[in-house]
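Peer 1: Each chain, written out:
Number of protein chains: 2
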Amino acid sequence: MMTMNHNAGPGLHAEAGTAAGLPVAPSRALWAPLGLADVTIDGGFWGDRQAVNATAMIPHVDHWLEKLRWTSNFDRAVDGTVAGDRAGREFSDSEIYKLLEGMAWEIGRTGDAALEARFAEIAARVEAAQEADGYLNTQFGREGQRPRYSDFEWGHELYCFGHLIQAGVARARTAGLDDAFVQMVIRAADHVCREFGADGRQDIPGHPEIETALVELFRVTGQQKYLDQATLFIDRRGHGHLGVIDFGQQYFQDNVPVRQATVFDGHAVRALYLAAGAADLAVETGDSALHEAVVGQTLTTLARRTYLTGGMGAHHEGESFGEDYELPPDRSYSETCAGIASVMLNHRLLMQTGDARHADAIERTLFNIVATSPAADGKGFYYTNVLQQRVEGLMPDPDEPSFRAAAAERPPFFAVSCCPTNLTRTFATLGAYIATHDGEGVQVHQYAPATIRASLASGDVTVRMTTSYPDAGRIEVTVAEAAPGPWTLTLRIPSWAVATSAGSGATLTTADGQTRQVAPGYVSTPGPVAPGASVVLDLPVAARWTYADPRIDAVRGQVAVERGPVVMALESVDLGADVATARVRTDAPPVDDGHTVQVPVTVVDQDDDGWPYGGYRPGQTQAQRLVSLIPYHSWAERGPSTMRIFIPEERA
Amino acid sequence: MMTMNHNAGPGLHAEAGTAAGLPVAPSRALWAPLGLADVTIDGGFWGDRQAVNATAMIPHVDHWLEKLRWTSNFDRAVDGTVAGDRAGREFSDSEIYKLLEGMAWEIGRTGDAALEARFAEIAARVEAAQEADGYLNTQFGREGQRPRYSDFEWGHELYCFGHLIQAGVARARTAGLDDAFVQMVIRAADHVCREFGADGRQDIPGHPEIETALVELFRVTGQQKYLDQATLFIDRRGHGHLGVIDFGQQYFQDNVPVRQATVFDGHAVRALYLAAGAADLAVETGDSALHEAVVGQTLTTLARRTYLTGGMGAHHEGESFGEDYELPPDRSYSETCAGIASVMLNHRLLMQTGDARHADAIERTLFNIVATSPAADGKGFYYTNVLQQRVEGLMPDPDEPSFRAAAAERPPFFAVSCCPTNLTRTFATLGAYIATHDGEGVQVHQYAPATIRASLASGDVTVRMTTSYPDAGRIEVTVAEAAPGPWTLTLRIPSWAVATSAGSGATLTTADGQTRQVAPGYVSTPGPVAPGASVVLDLPVAARWTYADPRIDAVRGQVAVERGPVVMALESVDLGADVATARVRTDAPPVDDGHTVQVPVTVVDQDDDGWPYGGYRPGQTQAQRLVSLIPYHSWAERGPSTMRIFIPEERA
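Line by line, the protein sequences give chains A and B. Read left to right, the first sequence gives residues 1464 to 2115 (our numbering). Read left to right, the second sequence gives residues 1464 to 2115 (our numbering).
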């Protein structure tokens, strides 16, 4: 069914039309999206981060893109000097596009006039570099540069076009199709369709990204040619078209057609963007086989190739997925962008399937990857998100872009800096993950203080969520506005919200005052809910022990602590020793007073330092004591430390 | 003390002079080397492999170097066509040099006339490509190529010179200094000294190798300039001279001076070759601080950054060492060349220190890396040596060079193929690791059926070792020839040869028929041993359980089996199931009847296939049964399989 949003938000122009403020807008869905026009996050965990994004992260990223002269590559393309003077890597144009996308959503969300002016300035500089036929890339095609489309494996031209188109889609959905930037993007997309259409070049991009962008541009414009072009890019892939590389063809998913793959493989961000595009395409073409393939790949990947944090991509080499159950915590790559791409993919699948596993994956990834990458002040980032830090890292240089290895604190920017710009667009669009509607009712997937508006068959509905989640598990949903007709409020019960030795499971108190136990999945309130009525969901967020499937060898004999959706971590700052020495006792649940989580820890000193293999060596143990854990997303904010999520368990 | 070998072996020309047949010849040593002229391996585990090297591996490698047109790069350099038609990677010249080195040692060992003819043919083709000033490299300096010395980070010019010089040293020590190839190599080395001397270019090679080669050339020629040049290369390194790369400056050990490093870091082969060169340099210059630094780095690396197999280099990315205790078995890189380099380094340190830990490391690495890489037929190789194979690999293409990822069986050759040529020179020189002398006696370090000759102060001594080691632990050393004066026979007791629940420790039965317990380290027989007399060492090779230091998180809760120096492995072929399902009981020692090793295994089926984290999941167990293990070095000879060395332990 179609989404029909009539309320324009603060920065949303009325001419943005249907799908205004929707980060992704499938023309058909079991549950249709509610976007920036429909959902407002009112402070709390995510509201605070949206504010940091607006006030600090976007300006910080903008500053670094200028400082590193990646933005001014467009100026130099115009004045003819870029060939000998281009800054940044081959994909740096895309960072400017991702920032523009983030700005566009943020302008749509808040109507910030200063940001609008800055957007217009950058957009004009980009547009000035566009060539007459719509082509736009600062590193190819000029005298002294390589020719256009001469390096599909590594050149990233179509990847950059993809992010440009996504920025254009964001602008179209917040400022309307007539916007100059949108029109420029359409010229660029038309160039791609002419160049790579059925009768054109039969190539595919080394880095998927443009597929989802083209489907979204089809959704915005209604132009079939963009959908057709996305189909061509998806169908051409998987036949070994790209050149043979050391990482193997699976690096860019060119080893097996999308419809035949059973799990994600190769470069994680490439695989997940491709899957998001395939999921979008399946919706618009009604290709149920393609849809089922992507769903199967996603669920298998969640079962076998995903970290406790929701992070994806085990290998540093090739930034790729590992084999099933190969999930080392210390060499976890778990790139921030892969987490973001997983959220994008699972959001698409959730809308089509109504399967709570996708909402669970989104929640897990948001709290433990998307919230972990940026520093609290929004001016530093982790590119990789390790689950175990073995050595105290070095403090990053505040004035130089870092390489990717884990530093003691979050570096300000990177030589390859896809993640910071990706975060700006993600934080600006967080509202879209909160809820959906299906004409008959509203489904709430993520819990945050928020206002949700939807136009249902029975009339307009507005509900307000009040909660300090995830600190506390109580979520109160109050109906602020509702026509008298029937509608249904549906709430997600996270998979972890079950009875454990630490406490009972989730309960729901309906408007009639009845309280009942509710099981993981979705629960719907019976009948219409009148204005002023409240529903209260209580989720058991108290800290609990979490074990890994024994096939995940790398954390055998270890145990983690989760508190609600938040993965906890032990940091040396709290232990007062290297976390390598910690052993935890699990006889009783973790101690959780609602503010602090503590676990009983024994510190074990190993005898140094000869050949490390032989008879069993239990080590010398010190007395047991209670040690505080911290949320993983807030680790490395107190200087150099060692850290681990999975802690060796001391056997009785 | 100086080594003084007067006996020329089968292929050793008398004019090879002192140090004839010695793969490394320090001018001073606590224990001096005995080389190809002094030690003959008479069949058995290593003798068989030397034969395979001679009859199969060297011809196979030679064939592939021609097939891939890496050898004929030299011909094309001569005819002027190489610029547009060069085959192979930037270091491919070095493969021809390593093959020549292997051939030179093999000719020295056996006097094989056909091999001598082939050596001369290839050597002539290489020499023809040398330029007038001594420079020699097929990828730089010609029209259409990059200029000489324009890429120290990745160009590998000095690395290639290093291997060329090592081939020249091998030829000099087996055919004499007047050999044409040796003279060509000297011209090349003189070019390097002119170009990079104290007043020349202040650069260093991105890949260390030439340092040890130059010291060895000094030893062969007595020319101080080569030693001085090695000193310059060592002293210049560690100051960030090379360009900044993604892997970090530690990749090529340019982050910290050699004398200040405390452990090996960065690219493992680079680090170990550099250390071998530094160790050589320290001997010749009497630089005890440098010597102590390398010893400390080596012992710390053995204690914290070495696999049970002796393998080094945990990371695929950058082929580098991991952090302390970061030793994942499934993503072990453990490159064959790093194992070979570790053997070279530990051999050097053993001669200087008499510390049995270095001999232990050599034994472990020879049996579990050097013996593991090549296929039984000598026509396939593992580049990386994983300790856990999670999925059945694909069969390698028999006609194409492979990439490095673990295949189901050993690929015939690689696109980057440093390991096969490195193995040819290693197998040809195995005899050098067996024993040393110190003028007063003979020290036996490695056990194999062999004949050892040494010229001692008391006169010439010849001893014969008879053993089926490592299958059995009995080693009989019989004196075949000895002057009547006093001399000492010293035998190494491996560190694993201690009493365990599986049996008692090592015993020594001296010529007088007395048997006594002997502890790990070195044991010397009292007084002179007369011709005809025998000493018998019994080592407890029966299979034993081996645990890892608890700081090696990746194998926590798992246990390995070793039999003598041989690491055992569980392969799915024997289990009849994926080795991921195996749990082993360790209540009793492994069952070892002298031919077969078996362990009690329970197969555990895990419930598929949802989110893999939550409550503890013990799985469904099947009945316990005995399953055979195989020596790790013989895994993957029976088709696709999964394999693991460390097996999860079933708790009682």
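Note that these hints are calculated values from the structure, not bench results. Every residue, glycine too, gets a C-beta built ideally from N, C-alpha and C. Be aware that one or more of the hints could be misleading.
To be verified - Ranges between beta-carbon positions, derived for each pair:
1. 2085/A - 2101/B: 45 to 55 angstroms
2. 2085/A - 2052/B: 24 to 34 angstroms
3. 1709/A - 1662/B: 49 to 59 angstroms
4. 2079/B - 1984/A: 18 to 28 angstroms
5. 1929/B - 2086/A: 32 to 42 angstroms
6. 2085/A - 1949/B: 50 to 60 angstroms
7. 2085/A - 1720/B: 33 to 43 angstroms
8. 2069/A - 1934/B: 33 to 43 angstroms
9. 1944/B - 1709/A: 50 to 60 angstroms
10. 2087/A - 1840/B: 33 to 43 angstroms
11. 2087/A - 1964/B: 26 to 36 angstroms
12. 2069/A - 1964/B: 56 to 66 angstroms
13. 2089/A - 2079/B: 17 to 27 angstroms
Said to hold, decoys possible - A partial selection of chain B residues facing chain A, derived with a Cβ cut-off under 8 angstroms:
14. 1699
15. 1856
16. 2074
Peer 1: Go ahead and decide if the range 50 to 60 angstroms is satisfied by the Cβ distance of residue 1944/B to residue 1709/A.
Peer 2: Roughly 55 angstroms apart at Cβ, these two residues keep to the hinted range, so it holds.
Peer 1: For the hint 56 to 66 angstroms, verify it against the beta carbon of residue 2069/A and that of residue 1964/B.
Peer 2: violated, 22 angstroms
Peer 1: Within 32 to 42 angstroms or not, the Cβ separation of residue 1929/B and residue 2086/A?
Peer 2: violated, 57 angstroms
Peer 1: Starting from the range 33 to 43 angstroms, see whether the pair residue 2069/A and residue 1934/B falls in it by beta-carbon distance.
Peer 2: Between residue 2069/A and residue 1934/B, where Cβ atoms are some 34 angstroms apart, the hint holds.
Peer 1: Measuring from beta carbon to beta carbon, are residue 2079/B and residue 1984/A in 18 to 28 angstroms?
Peer 2: For residue 2079/B and residue 1984/A the Cβ distance comes to about 23 angstroms; the hint holds.
Peer 1: A range of 49 to 59 angstroms was offered for this pair. Does it hold for the Cβ distance of residue 1709/A and residue 1662/B?
Peer 2: Violated, since residue 1709/A and residue 1662/B (Cβ atoms, about 40 angstroms apart) do not stay within the stated range.
Peer 1: When the nearest CB of chain A is found for residue 1699/B, is that gap smaller than 8 angstroms?
Peer 2: violated, 24 angstroms
Peer 1: Going by Cβ atoms only, is residue 1856/B closer than 8 angstroms to chain A?
Peer 2: violated, 11 angstroms
Peer 1: For the range 50 to 60 angstroms, tell me whether the beta carbons of residue 2085/A and residue 1949/B fit it or not.
Peer 2: holds, 54 angstroms
Peer 1: Holds or violated: 17 to 27 angstroms for the Cβ distance of residue 2089/A and residue 2079/B?
Peer 2: holds, 22 angstroms
Peer 1: Does the Cβ pair residue 2087/A, residue 1964/B satisfy 26 to 36 angstroms?
Peer 2: holds, 31 angstroms
Peer 1: Falls inside 33 to 43 angstroms, the C-beta gap from residue 2087/A to residue 1840/B?
Peer 2: violated, 57 angstroms
Violated hints, listed in ascending order, are 3, 5, 10, 12, 14 and 15; each of the other numbered hints is respected by the structure.
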